[in-house]
Amino acid sequence: MTAPFYVSPEQLMKDRADFARKGIARGRSVIVVQYADGIAFVAENPSQALHKISEIYDRIGFAAVGRYNEFENLRIAGVRLADLRGYSYDRSDVTGRGLANAYAQTLGTIFSSGGEKPYEVELFVAEVADASEEDQIYRLTYDGSVADVATHAVMGGQAEQVEAYLAEHYTPGLGLDAAIRLAAAALASNDGEEARVIEPGTLEVAVLDRTRALPRKFKRLPEAAIAAALADA
Amino acid sequence: MLPADYLTPGSSSFNDFLAKQAPQLLPSARAGGTQSAADLAPHGTTIVAATFPGGVVMAGDRRATMGNVIAQRDIQKVYPADEYSCVGIAGSAGLAVEMVRLFQVELEHYEKIEGATMSTDGKANRLSTLIRGNLAMAMQGLAVVPLFAAFDLQVQTGRIFSYDVTGGRYEEQAFHTVGSGSMFARGSLKKLYREDLTERDCITVTVQALYDAADDDSATGGPDLTRRIFPVVNIVTADGYRAVSEEDVAVIADEVIGARMVRPDGPAASLT
Chain A
149 MTAPFYVSPE
159 QLMKDRADFA
169 RKGIARGRSV
179 IVVQYADGIA
189 FVAENPSQAL
199 HKISEIYDRI
209 GFAAVGRYNE
219 FENLRIAGVR
229 LADLRGYSYD
239 RSDVTGRGLA
249 NAYAQTLGTI
259 FSSGGEKPYE
269 VELFVAEVAD
279 ASEEDQIYRL
289 TYDGSVADVA
299 THAVMGGQAE
309 QVEAYLAEHY
319 TPGLGLDAAI
329 RLAAAALASN
339 DGEEARVIEP
349 GTLEVAVLDR
359 TRALPRKFKR
369 LPEAAIAAAL
379 ADA
Chain B
10 MLPADYLTPG
20 SSSFNDFLAK
30 QAPQLLPSAR
40 AGGTQSAADL
50 APHGTTIVAA
60 TFPGGVVMAG
70 DRRATMGNVI
80 AQRDIQKVYP
90 ADEYSCVGIA
100 GSAGLAVEMV
110 RLFQVELEHY
120 EKIEGATMST
130 DGKANRLSTL
140 IRGNLAMAMQ
150 GLAVVPLFAA
160 FDLQVQTGRI
170 FSYDVTGGRY
180 EEQAFHTVGS
190 GSMFARGSLK
200 KLYREDLTER
210 DCITVTVQAL
220 YDAADDDSAT
230 GGPDLTRRIF
240 PVVNIVTADG
250 YRAVSEEDVA
260 VIADEVIGAR
270 MVRPDGPAAS
280 LT
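Which chain is which? The protein sequence lines are A and B, in order. Residue 149 is where the first sequence starts when you use this note's numbering, and the numbers rise one by one after that. Residue 10 is where the second sequence starts when you use this note's numbering, and the numbers rise one by one after that.
Calculated directly from the structure, the hints in this document are not laboratory data. Since we're looking at a predicted model, the values are computed, not measured. There's no promise every hint is true.
Unchecked claim - A short list of chain B residues far from chain A (calculated; beta carbon distances all over 12 Å):
no.: 1; residue: P62
no.: 2; residue: D83
no.: 3; residue: M127
no.: 4; residue: L144
no.: 5; residue: M148
no.: 6; residue: D161
no.: 7; residue: G177
no.: 8; residue: E255
Unchecked claim - DEER-style ranges, computed between Cβ atoms:
no.: 9; chain 1: B; residue 1: G19; chain 2: A; residue 2: A295; range: 28 to 36 Å
no.: 10; chain 1: A; residue 1: A361; chain 2: B; residue 2: D173; range: 32 to 40 Å
no.: 11; chain 1: B; residue 1: A268; chain 2: A; residue 2: P320; range: 56 to 64 Å
Cβ coordinates follow ideal geometry from the N, Cα and C atoms, glycine included.
Sequences are here, hints too, so could you generate the full structure?
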């Protein structure tokens, strides 16, 4: 009879984290950035049908990087959680914090349970409020940790260099067009070398617009609007 | 941790999900007992809808009754269903309002999960399913009979659907009415409706029809002049759903009432 190999918990967790990080680093980045009238999500995504950015509820948006089937599953679970909560309580009782907590618990449990492989995803959950100081943006990583981020954040492939560009050029109170241009430039930035060219058709942009009259503040921007925003520099 | 059922791929229907996860929250979950419960809860009454070139108008009176008592004077019985449709309800008021809430979530849930808006016929069919689930309650006297109106973006016209308590779904042409005062309202619409109505004239026609319903049906509320309570009017066009403001309805209602001061039976239709 052979004894099972002993693997220290540190090593086990490190291996799982490396595995998840590698999967996430393969994809392109997603940016979330606060602008004057709300929160904008910008992702590089050549597909028009498979979204990285989605609506969860009235004021709550969702963006993800990593494995599509895994984050799509989490997205649908989030919509179900929000709709059930809103139906059985009230629409105002559905909060970004509650959703972020549910995701954190789920990702954390899957990460530390021995059997399954960890999810290779990272998520943004953002909730727009009536005033920009009260907007909330949460970043969730593959291991279930939650970070409350302010004004802007990046996740995915070249997150560090995109983040560096964004941190350098971001100013509070940007207009929507300026915010889209900034995010596109950040995605295109290439570590000091010549920037790549990003076509409007390969950008996926959606906003949580607090000025929208309807209760549902989420809006996906059509390609023409993105092109117009990028063009008018 | 999200429950496993939340993470399991499945139907895009919120109603199906609710039936599995929290069946006690379904409007139909309270069926029980065999006696009539018809007199226990308020009833809503008359809803009218009419199409015009470019859209559809739906209007409802504001009265809810319990037997001979007026339970509420300013109840709302016409609601938005989603961005391109609205739904009006006659019948047991509490159940009906709950069913409208479920219907609204059903459409929004599908839209978010699928990333696409449901077709107009799809919406009409989903409403059928919800009403069918309520059949046991209907047999106890707690029936809900909605009227559904939508602007169909595919064919670019307003469409109206009526229902029976078993969930039967019928597409109506031009106009339709439901509720206790519906036969009087329909008679009125027959004489006043024409196909080339403008949006404003279409609102006037529905307000006239509700006036005629209130004139002959005690359960339908007429315009309340002392409290300034007027019908709820909703419009759906290519630009989407819109509730007509109370002030705008008041202006039209005042015109209608002014003309009735001269001719109480309303405008005379030509004989041929």
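Assertion that E255(B) lies farther than 12 Å from chain A (Cβ): holds, 17 Å
Just want to verify: G177(B) was marked as not at the interface with chain A; is every Cβ pair farther apart than 12 Å? holds, 26 Å
12 Å Cβ clearance of D161(B) from chain A: Correct as stated: the minimum Cβ-Cβ distance to chain A is 21 Å, above 12 Å.
Satisfaction of the hinted span 32 to 40 Å by the C-beta atoms belonging to A361(A) and D173(B): The hint (32 to 40 Å, Cβ to Cβ) holds, given that A361(A) and D173(B) are roughly 36 Å apart.
Does M127(B) really sit off the interface, with its C-beta more than 12 Å from all C-beta atoms of chain A? M127(B) clear of chain A: closest Cβ-Cβ about 15 Å, beyond 12 Å.
P62(B) non-interfacial with respect to chain A [C-beta, more than 12 Å]: holds, 26 Å
Outcome for the supplied range 28 to 36 Å, where the beta carbon pair is G19(B) and A295(A): Since the Cβ atoms of G19(B) and A295(A) sit about 31 Å apart, the hinted range of 28 to 36 Å holds.
Taking the closest pair, is the beta carbon of L144(B) still more than 12 Å from chain A? holds, 22 Å
Minimum Cβ separation between M148(B) and chain A greater than 12 Å? The assertion about M148(B) holds, with a minimum of 26 Å to chain A.
Mind checking the hinted window 56 to 64 Å against the Cβ distance between A268(B) and P320(A)? Since A268(B) and P320(A) have Cβ atoms about 58 Å apart, the given range 56 to 64 Å holds.
Is D83(B) truly not at the interface, in the sense that its beta carbon sits beyond 12 Å from all beta carbons of chain A? holds, 21 Å
The structure is consistent with each of the numbered hints, conforming to all of them.
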